[in-house]
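**Q** Residues per chain, in single letters:
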Amino acid sequence: MAHRIYVYLDHNQGAALPVSWEAIGAARQLAEQLGGEVVAIVVGSQVEALANLAFAYGAGTSLYIEDASLAHFEPERVAAALAPALADAELLLMPDTSRTRDLAGMLAVDLETAVAPDVTEFQVEGERLLATRPIYAGKLLAHVEIPAARPAIFTLRSRAFTAPAPDESAQGQAERLAADVPAALTEVLGVRQAEGQVSLTDAAIIVSGGRGMANNPALQPPAEITDDKEREIWRAHQGFKLVGDLASALGAAVGASRAAVDAGYVPYANQVGQTGKVVSPDLYIACGISGAIQHLAGMRTAKIIVAINTDPDAPIFKLCRFGVVGDLYEVLPALTEALEEKLEG
Amino acid sequence: MKIVVCVKQTPDTAATVTVEDGRVSWGDSPLVLNPWDEYAVEEAIKTKEAHGGTVTAISLGPERAQEVLKQALAMGADEAVLIHDQAFEGADVGVVSVALAMAVGKIGEVDLVFFGRASVDSAAGLTFAQTARHLGWPLLSQVAAIEELDPSAGKLQVVRLLQEGRQIVGSPLPAVVSVVKEINEPRYPSFMGIRKASKAEIPSWGATELGLEAALEPRVIWPSITQPAKVETTCEFIDGESAAEKGRRLAQRLIEEKVI
Chain A
0 MAHRIYVYLD
10 HNQGAALPVS
20 WEAIGAARQL
30 AEQLGGEVVA
40 IVVGSQVEAL
50 ANLAFAYGAG
60 TSLYIEDASL
70 AHFEPERVAA
80 ALAPALADAE
90 LLLMPDTSRT
100 RDLAGMLAVD
110 LETAVAPDVT
120 EFQVEGERLL
130 ATRPIYAGKL
140 LAHVEIPAAR
150 PAIFTLRSRA
160 FTAPAPDESA
170 QGQAERLAAD
180 VPAALTEVLG
190 VRQAEGQVSL
200 TDAAIIVSGG
210 RGMANNPALQ
220 PPAEITDDKE
230 REIWRAHQGF
240 KLVGDLASAL
250 GAAVGASRAA
260 VDAGYVPYAN
270 QVGQTGKVVS
280 PDLYIACGIS
290 GAIQHLAGMR
300 TAKIIVAINT
310 DPDAPIFKLC
320 RFGVVGDLYE
330 VLPALTEALE
340 EKLEG
Chain B
868 MKIVVCVKQT
878 PDTAATVTVE
888 DGRVSWGDSP
898 LVLNPWDEYA
908 VEEAIKTKEA
918 HGGTVTAISL
928 GPERAQEVLK
938 QALAMGADEA
948 VLIHDQAFEG
958 ADVGVVSVAL
968 AMAVGKIGEV
978 DLVFFGRASV
988 DSAAGLTFAQ
998 TARHLGWPLL
1008 SQVAAIEELD
1018 PSAGKLQVVR
1028 LLQEGRQIVG
1038 SPLPAVVSVV
1048 KEINEPRYPS
1058 FMGIRKASKA
1068 EIPSWGATEL
1078 GLEAALEPRV
1088 IWPSITQPAK
1098 VETTCEFIDG
1108 ESAAEKGRRL
1118 AQRLIEEKVI
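Heads up: the sequence lines are chains A and B, in that order. When the letters of the first sequence are read in order and numbered with my numbering, they come out as residues 0 to 344. When the letters of the second sequence are read in order and numbered with my numbering, they come out as residues 868 to 1127.
Misleading hints may appear alongside valid ones.
Claimed, not checked - To give a feel for the contact side, a few chain B residues facing chain A, derived at Cβ under 8 Å:
1) D988
2) G992
3) L1029
What the hints assert, rightly or not - In silico EDC-like pairs for lysine to aspartate or glutamate, Cα to Cα no more than 16 Å straight-line:
4) K1022(B) - E956(B)
5) K317(A) - E1099(B)
6) K317(A) - E1014(B)
7) K915(B) - D978(B)
8) K276(A) - E1049(B)
9) K1066(B) - D978(B)
10) K1022(B) - E186(A)
11) K913(B) - E1014(B)
12) K915(B) - E946(B)
13) K276(A) - E1031(B)
14) K341(A) - E1103(B)
15) K341(A) - E1123(B)
16) K302(A) - E1099(B)
17) K915(B) - E1014(B)
18) K913(B) - E1049(B)
19) K869(B) - E976(B)
20) K915(B) - D879(B)
21) K1125(B) - D281(A)
22) K973(B) - E887(B)
23) K1066(B) - E946(B)
24) K240(A) - D226(A)
25) K302(A) - E336(A)
26) K973(B) - E946(B)
27) K302(A) - E1031(B)
Claimed, not checked - Negatives, chain B to chain A, calculated, CB over 10 Å:
28) K869
29) A881
30) K913
31) G972
32) E976
33) S1071
In short, the hints are calculated from the structure, not lab data. Glycine included, each C-beta is placed from N, C-alpha and C at the ideal position.
One chain only, chain B, in its complex shape (with noise of 0.2 Å):
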């Protein structure tokens, strides 16, 4: 099987980010592999053990973003490749799906491609429905389990998380799927892998490379980013003389207070 995992470069969670001349910062916090797609990697590989095949990691991004196709590496994908060009800085998610889904059809023959549920950065949630569009492929997003996958019948089936419920899928390949955390539990890189990466050589392409023929303008701008207003609260502590005691008066206060 020919499997591509989408990857994305971002600030950690942890991270305390702030706004500094209208631009997002994220102070000395390191960036990371999304840890979304951190779950995405990991069901790339485990594919990989089951039927046999390679993993090729992709992102598009600065040059930086070589640092998490190398942790894709050393968890055990077989190549990567960066999405990197001047006409790609600024790009919304409809330019990034466009790149996405030529960069898959450069590859070639790909039967499964990847992605976390969104970024925890600008979390828009839509490059993978927009690169499944692109491509013409069948979208299974919210995969929560594979349930069965046939490489040779060319076919999979999945549990999809909706609100209402659990969905089973069965979807022809090749396809595009989109996971959530349940799937799996993602690997920690081994020794052996973090030298394998360390070494690697990770080629860039850009819009020549993926053949895209006309520069593409972003749909969405941003015109400005705000920090949300501090709220002002102070905590009533609720007193009493034993744990339950406070537990009677915390319902007291929320039903005087119309709360309940």
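One chain only, chain A, in its complex shape (with noise of 0.2 Å):
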């Protein structure tokens, strides 16, 4: 039986997120086990070119819905452009990003389906799908499966599926699809970019910072500076510069634990673990984090970690490929200024 495969590709004012293109990938791999072909499909302002572009990651068809007050992503509107276009799909993969997440629930409800989220890998067993999908943050893997509601939508985790490296000889036109699009609901009114920073769920590295970068007894904050908290939270920040120099050294994205997140180091966005982000690249490197179950349960997949701490019997060391008991004060700087040598040399 030939499946016509849907890929949604989440995109940002017309730029596609890396996972878009892995989700293809992965609609290519199922598209050889069952049969059938990928639709790529794209819903926005100014998306046709990255419709276009779907042909060269192996889409067979692409779709696009236009529509100039789409320019803000709302997901009670797209959902509504969506849905007829999905009203005979079988199967709907999704990117699975901050705003795909809320599209895909609305869309279960509008089409009377549902969602199967977070997926890490797909096994077909004749005509079953069965999804994997981390639960516990990773501590549990669930194996679901949507039996009989259609379509069936997956969203995908970020760096589980490989993308397929672009074939630029692979071209074609994309369908505009006619769409009627509700009035907004809601008002964008400002955004505030997160500027020069790598995302930490795309990143292929990243450096954290844990509670012990406020341990340098050596470093003194400025004697205005008085109150205790304040006090800590300057060395932490010094610490946190050493953290960042490693990560732009890198070309990685900063972490951090809940720890340090809750002691005020740094922003929740940072938040690596149970509470915050769960992440898996291809290298970790934790910094006087030691390793709390619940800060595991965020990097655990991660496939290459590595740890500087100065208790040698702290947790993390279990999960190491490489581990360094020193003070990171003293070891990180070496470490970055090694690299850059390596690097440029």
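Need the complex rebuilt from these two chains, each delivered in its own frame; the hints are there to steer you.
**A** Structure below.
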């Protein structure tokens, strides 16, 4: 039986997120196993170029819904525009992003179907499609199925599937679909971009700091800072500067443990762990993080873990490929400098 | 203002969870108010304190889920409702969101419904989007701050934490808001609050009270749950005369092993 496997391409102002192409990669694999073709679908303002680009990644058909009023993403309106186009679809894959979780949930209500979110793997068993999704922040794996409701919707975790290498010779013209876009419910009044930061969930390398970032007695805060808490935060900021230096040398994202966030050293957006972001980079460098179970749950699927900690018994070392027992204030600058030399040389 | 906050009972995040006979087990670990929901309860109470009105906490679950409703009451919620029925056993997100939307409808004239950003157990993070869709109300997800709220004009303005940065959004009321940790610092229940909550009688609404006519079948099934394969790693500790020396050797090993 031939399937049309739909892939929704999530984008920021017309630029696809890397995980959108990873979803196309997953769809191509399923198309090989189940038989069928990959259909890309894009919704937004000025998205024709993106829809055309989907052919290079292996879409057999590409569809787009264009509406100037969709320049700001609103899940209610994108769901309403998209639902009719998917009425006969059997399978819809979506990249899992801060936009698509809301959209997938609403689409499922509109189409009277269901979503299995945050999928990291698929298994095809005859005509059945089973999806693996981590639960309890990866402490367990649920193998789930949407047996009857259609389209079965799955959102795919960043970096769990491989994006195909684009084939520039595969070109095509995407087909524009007419759609009724309802009036906006909400109004976007402004956007403050996070500038120059690498997104944690997309990052190939993450350098994280923990509570240990503040433990440098040799550093003396300026005398005008008298409050003990502020002196501690000042120390931690000096530590996080070193983490930031290593991260920029490697083009990495900066993460933090919950302890570091709760202590006020860094914003919540940087938190990795069960109540923060769950990440799976190629390389995770944990600095001054002992490895509470909640933190390990958020990064244990990293391919290679490195830890720098003064305590040789820190639980984090149990997951590590490389470990350094030592003062991160001395280890980090030497590591960064040595890496910069090698990477430049 | 009439404010509703939806909460769930989950195992503690420090729990060691395992699979026993195909079911999730958390051993002797306590069940708690889902940590992300604490921020939702706090924001609901703060909103009430600033603008007046009532906070009703609702939870769908077994009878023991009353404990987390009592915690919400102890923190300062005014009322609580448990949604409990055999019909909801094995409910998936789709079923839960229909029931919650109907409960909000039954409470009536609600202005704001708060949720946490996900539960720490099944972590679907879909319930608020589906509840909002059933209600037909705007959804404001990943909210890191409520900047303005004008109940008489029926308007609110929030800051949302997105992958690409912060988005400032204005919305009419009623609306559904899911909050992230950054939004506040949840309070501890007061002694008086705990005393009041311990005496509270929490009403229980079943499918009939909600007005559900037909049984709702879950659309997602979980044929199996497994424990991830233990990754066997041996940590190679980097030696060196000094910490700086260790740092340089680590750089060398990372490059030798083609990690970087």
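**Q** All hints are to be evaluated individually against the structure, with a verdict given for each.
**A** Hint check:
no.: 1; hint: D988; in the structure: holds, 6 Å
no.: 2; hint: G992; in the structure: holds, 5 Å
no.: 3; hint: L1029; in the structure: holds, 5 Å
no.: 4; hint: K1022(B) - E956(B); in the structure: violated, 37 Å
no.: 5; hint: K317(A) - E1099(B); in the structure: holds, 9 Å
no.: 6; hint: K317(A) - E1014(B); in the structure: violated, 44 Å
no.: 7; hint: K915(B) - D978(B); in the structure: holds, 11 Å
no.: 8; hint: K276(A) - E1049(B); in the structure: holds, 13 Å
no.: 9; hint: K1066(B) - D978(B); in the structure: violated, 28 Å
no.: 10; hint: K1022(B) - E186(A); in the structure: holds, 11 Å
no.: 11; hint: K913(B) - E1014(B); in the structure: holds, 13 Å
no.: 12; hint: K915(B) - E946(B); in the structure: holds, 13 Å
no.: 13; hint: K276(A) - E1031(B); in the structure: holds, 14 Å
no.: 14; hint: K341(A) - E1103(B); in the structure: violated, 21 Å
no.: 15; hint: K341(A) - E1123(B); in the structure: holds, 11 Å
no.: 16; hint: K302(A) - E1099(B); in the structure: holds, 12 Å
no.: 17; hint: K915(B) - E1014(B); in the structure: holds, 15 Å
no.: 18; hint: K913(B) - E1049(B); in the structure: holds, 14 Å
no.: 19; hint: K869(B) - E976(B); in the structure: holds, 7 Å
no.: 20; hint: K915(B) - D879(B); in the structure: violated, 28 Å
no.: 21; hint: K1125(B) - D281(A); in the structure: holds, 11 Å
no.: 22; hint: K973(B) - E887(B); in the structure: violated, 39 Å
no.: 23; hint: K1066(B) - E946(B); in the structure: holds, 12 Å
no.: 24; hint: K240(A) - D226(A); in the structure: violated, 21 Å
no.: 25; hint: K302(A) - E336(A); in the structure: violated, 24 Å
no.: 26; hint: K973(B) - E946(B); in the structure: holds, 14 Å
no.: 27; hint: K302(A) - E1031(B); in the structure: violated, 25 Å
no.: 28; hint: K869; in the structure: holds, 20 Å
no.: 29; hint: A881; in the structure: violated, 6 Å
no.: 30; hint: K913; in the structure: holds, 17 Å
no.: 31; hint: G972; in the structure: holds, 15 Å
no.: 32; hint: E976; in the structure: holds, 19 Å
no.: 33; hint: S1071; in the structure: holds, 26 Å
Violated hints, in rising order: 4, 6, 9, 14, 20, 22, 24, 25, 27 and 29; the structure is consistent with all others.
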